[in-house]
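Line by line, the protein sequences give chains A and B. Its first residue numbered 2, the first sequence is counted upward by one per residue in the numbering used here. Its first residue numbered 2, the second sequence is counted upward by one per residue in the numbering used here.
Calculated from the structure, these hints are not laboratory results. Note that the structure is predicted; figures quoted are calculated from it, not measured. Positions of the beta carbon are idealized from the N, C-alpha and C atoms, including for glycine. Errors might be hidden in some of the hints.
Facing chain B, according to a computed beta carbon distance under 7 Å, are these residues of chain A, among others [said to hold, decoys possible]:
1. Tyr-32
2. Gly-43
3. Leu-44
4. Arg-99
5. Gln-101
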Amino acid sequence: DAGITQSPRHKVTETGTPVTLRCHQTENHRYMYWYRQDPGHGLRLIHYSYGVKDTDKGEVSDGYSVSRSKTEDFLLTLESATSSQTSVYFCATGGQLRTQYFGPGTRLLVL
Amino acid sequence: DQQVKQNSPSLSVQEGRISILNCDYTNSMFDYFLWYKKYPAEGPTFLISISSIKDKNEDGRFTVFLNKSAKHLSLHIVPSQPGDSAVYFCAASSNAGGTSYGKLTFGQGTILTVHP
Numbered sequence: 002d003a004g005i006t007q008s009p010r011h012k013v014t015e016t017g018t019p020v021t022l023r024c025h026q027t028e029n030h031r032y033m034y035w036y037r038q039d040p041g042h043g044l045r046l047i048h049y050s051y052g053v054k055d056t057d058k059g060e061v062s063d064g065y066s067v068s069r070s071k072t073e074d075f076l077l078t079l080e081s082a083t084s085s086q087t088s089v090y091f092c093a094t095g096g097q098l099r100t101q102y103f104g105p106g107t108r109l110l111v112l
Numbered sequence: 002d003q004q005v006k007q008n009s010p011s012l013s014v015q016e017g018r019i020s021i022l023n024c025d026y027t028n029s030m031f032d033y034f035l036w037y038k039k040y041p042a043e044g045p046t047f048l049i050s051i052s053s054i055k056d057k058n059e060d061g062r063f064t065v066f067l068n069k070s071a072k073h074l075s076l077h078i079v080p081s082q083p084g085d086s087a088v089y090f091c092a093a094s095s096n097a098g099g100t101s102y103g104k105l106t107f108g109q110g111t112i113l114t115v116h117p
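One chain only, chain A, in its complex shape:
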């Protein structure tokens, strides 16, 4: 597996609070992705990055923003957390081939 870490691993926050999740990779992969996993929905793409400072929206991007200032780091920000954003968030990376490698996940609870 690619060296991918996510922080924090668990977070409890209140509605309306900004939250930032961090993904760090050591594989120098060009592509990075943020997904959320919810029961009955599988993994849904939130945002992705195809290079430093190059990002684009996925299928469930509303309420989320991302930034990538270095190859190894990809940040996901919930500007004002809502209860519907309670989920498990996974970061993934991809190199030249189309296989993605996933981090361990962050479990977020918005009260």
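Guided by the hints, dock chain B onto chain A, whose structure is given.
Okay, now just chain B, sitting in the frame of chain A:
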């Protein structure tokens, strides 16, 4: 519009028998397919993949079959072991290039339980 579907939420199999997990897709632009396994409280782990130029790919106990005309793929696990109990996701990627390269669309997942 769910482009990748796993219609069986769960599957229960006896140890030593074959497990068959199914996946259907609708987008004819998909040309690369993957299966991931996920244990609780862990991230998905890549299992096996297949390109649309093939109809079968094998890796040890795991074989993926692709039927392009039916837009259907399946994962066979033989023999099944209790350690295979996990959630299995199929995923598909289109041949779109540029910045969309490598984007995956996932199915909802199938929970496999292998009983000793």
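Report the numbers of all earlier hints that the structure fails to satisfy, in ascending order. The structure conflicts with no hint, since it agrees with every one listed earlier.
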